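S.K.: In order, the protein sequence lines correspond to chains A and B.
The first sequence: position 86 = 85 (numbering that gives the first Met the number 0), numbered continuously.
The second sequence: position 63 = 62 (numbering that gives the first Met the number 0), numbered continuously.
No wet-lab data here; the hints were simulated from the structure.
Just so you know, not all the hints are guaranteed correct.
What the hints assert, rightly or not - Facing chain B, according to a computed beta carbon distance under 10 Å, are these residues of chain A, among others:
id, residue
1, P45
2, I71
3, H96
4, M98
5, R102
6, L142
7, Q143
8, N146
Owing to the predicted nature of the structure, the values given are computational and were not obtained by experimental measurement.
C-beta atoms are modelled at their ideal positions from N, C-alpha and C, and glycine is treated no differently.
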Amino acid sequence: MITVEEMISTHKFFQGMNPEHLHFIAGCASNVSVNSGDYIFHEGEPAEQFFMIRHGMVAIETHDLRKGPIRIQTIMEDNVLGWSWLFPPYKWQNDAHAMTLVRMTAFDGKCLREKCDADHNLGYELMKRFAGVLLEHLRATRLQAMNLYD
Amino acid sequence: MQPDLFRIRRVVKETSDTFTLELMPVEAYYVHSFDPGQFNMLYVFGVGEIPISISGDPAHPERLIHTVRAVGAVTNAMNTLEVGDVVGVRGPYGTPWPVKAAKGHDVVFIAGGIGLAPLRSALYQILARREEYGKIVLLYGTRSPEDILYRRDLERLRSRFDLEVHVTVDYAGTRWQGNVGVVTKLIPKAPFDPTQALAMVCGPEVMMRFTAAELEKRGVSSDKIYLSLERNMKCAVGFCGHCQFGSKFICQDGPVFAYDQVRQWINRWEV
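Turn these sequences into a full structure, and let the hints steer you where they fit.
M.R.: Written out as structure tokens, the structure is:
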């Protein structure tokens with residue numbers, strides 16, 4: 000049987016991370032699955048986790064009183080979901096909706112924050128990876144804001 | 000420079016602002032064969048003339064098909080035309096997509112918005128000789144599910160086993176089950192071999208710029224990335240200079256260019 004540590008070591012987000020850090024991080028991880036149509040989290044709820052998607056597709060949604068839910072981004076396997084656990088006030092900024100059956104590894108944000116505070120090398124390594132994800136999302140959001148197809 | 004007369008045989012409303020005209024020649028000898036990627040000058044009598052890419056099947060030049068977005072005086076006037084009305088047609092003009100050069104390659108079509116229209120002819124031609132090409136991938140981005148062009152064609156193409164079609168939109172309601180995000184986000188995971196791939200890209204220039212950069216990042220060589228550029232064309236034969244782009248005229252040297260031919264200008268504004 001594959002351990003959580005082995006599983007996360009093969010995911011794009013953690014590739015190349017040193018085994019000691021992976022071992023540390025795996026201590027805060029557990030596998031979860033979410034059925035198609037279910038919500039993974041809702042806007043305003045405490046953001047206590049982030050997720051490494053191993054299978055399926057997740058829609059990031061926001062609500063408009065007149066239009067109802069609006070899908071603004073989809074995230075698929077090989078990506079990570081959620082960074083609100085990193086920054087105060089630790090609340091989700093959007094809804095995350097499983098569009099298919101989704102299998103993920105969930106990481107306990109509080110546990111990880113404490114480990115990062117105790118080991119700055121681990122903290123720096125993790126922040127570099129999240130900064131890359133954030134940069135990717137920022138670029139994509141800027142392009143979306145430009146109304147690229149007009 | 001006199002236009003030939005073509006009668007509108009069919010009008011298809013594609014989206015809220017986009018429509019397709021199928022034209023047949025008033026005289027049989029007006030039929031001209033064309034290559035995918037070329038354009039015609041369409042004349043709405045009494046209003047004006049504009050360049051529109053040909054989006055039909057090159058194997059059937061007698062059915063001249065153009066997809067048009069109603070955005071200006073001429074295209075808005077064109078949007079009011081009906082079956083049986085007559086328009087003027089000059090062409091075909093311009094350089095084609097490198098369909099022959101793509102033989103033996105994986106072919107990646109990347110379209111944004113109405114940019115799918117000029118690529119459709121190349122897709123028809125390549126699918127007609129499917130066995131001569133490697134993997135074929137179509138990545139299409141548009142604003143919302145309501146703005147998807149050629150929806151039925153795309154559904155039909157998606158049901159084939161010998162090509163991959165991925166569609167993404169900028170925003171959608173919860174009924175949409177596909178990707179949400181810009182088209183460039185589809186490139187990293189698209190199933191093609193970047194060392195063997197040739198890409199044909201069409202859409203607004205800003206979209207093509209970011210797409211070309213993402214293709215290069217994936218490992219596609221810049222001389223294997225082709226873009227279809229657009230400028231204000233008037234004469235379409237290189238006389239008037241309206242469509243000058245650096246040292247090139249889009250109407251004669253283009254509209255299809257290899258990225259390495261135009262990258263020095265495409266990244267500069269005012270060119």
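S.K.: Are L142/A and chain B close enough, Cβ to Cβ, to be under 10 Å, as the hint says?
M.R.: 4 Å, holds
S.K.: Given a cut of 10 Å on the nearest C-beta pair, is the interface hint for H96/A held or broken against chain B?
M.R.: 7 Å, holds
S.K.: With a cut-off of 10 Å, does the beta carbon of N146/A approach a beta carbon of chain B closely enough for the hint to hold?
M.R.: With a closest approach of 7 Å, the N146/A hint holds.
S.K.: Under the criterion of a CB-CB separation shorter than 10 Å, is P45/A in contact with chain B as hinted?
M.R.: 24 Å, violated
S.K.: Using 10 Å as the Cβ threshold, decide whether I71/A counts as touching chain B.
M.R.: Where the cut-off is 10 Å and the nearest Cβ of chain B is about 6 Å from I71/A, the hint holds.
S.K.: Is the interface hint for Q143/A satisfied, with its Cβ closer than 10 Å to some Cβ of chain B?
M.R.: Since the shortest Cβ distance to chain B is 5 Å, the answer is holds.
S.K.: Does the CB of M98/A sit less than 10 Å away from some CB of chain B?
M.R.: 6 Å, holds
S.K.: Using the nearest Cβ pair, does R102/A come within less than 10 Å of chain B?
M.R.: 18 Å, violated
Hints 1, 5 from the list above are not met by this structure, while the remaining hints are.
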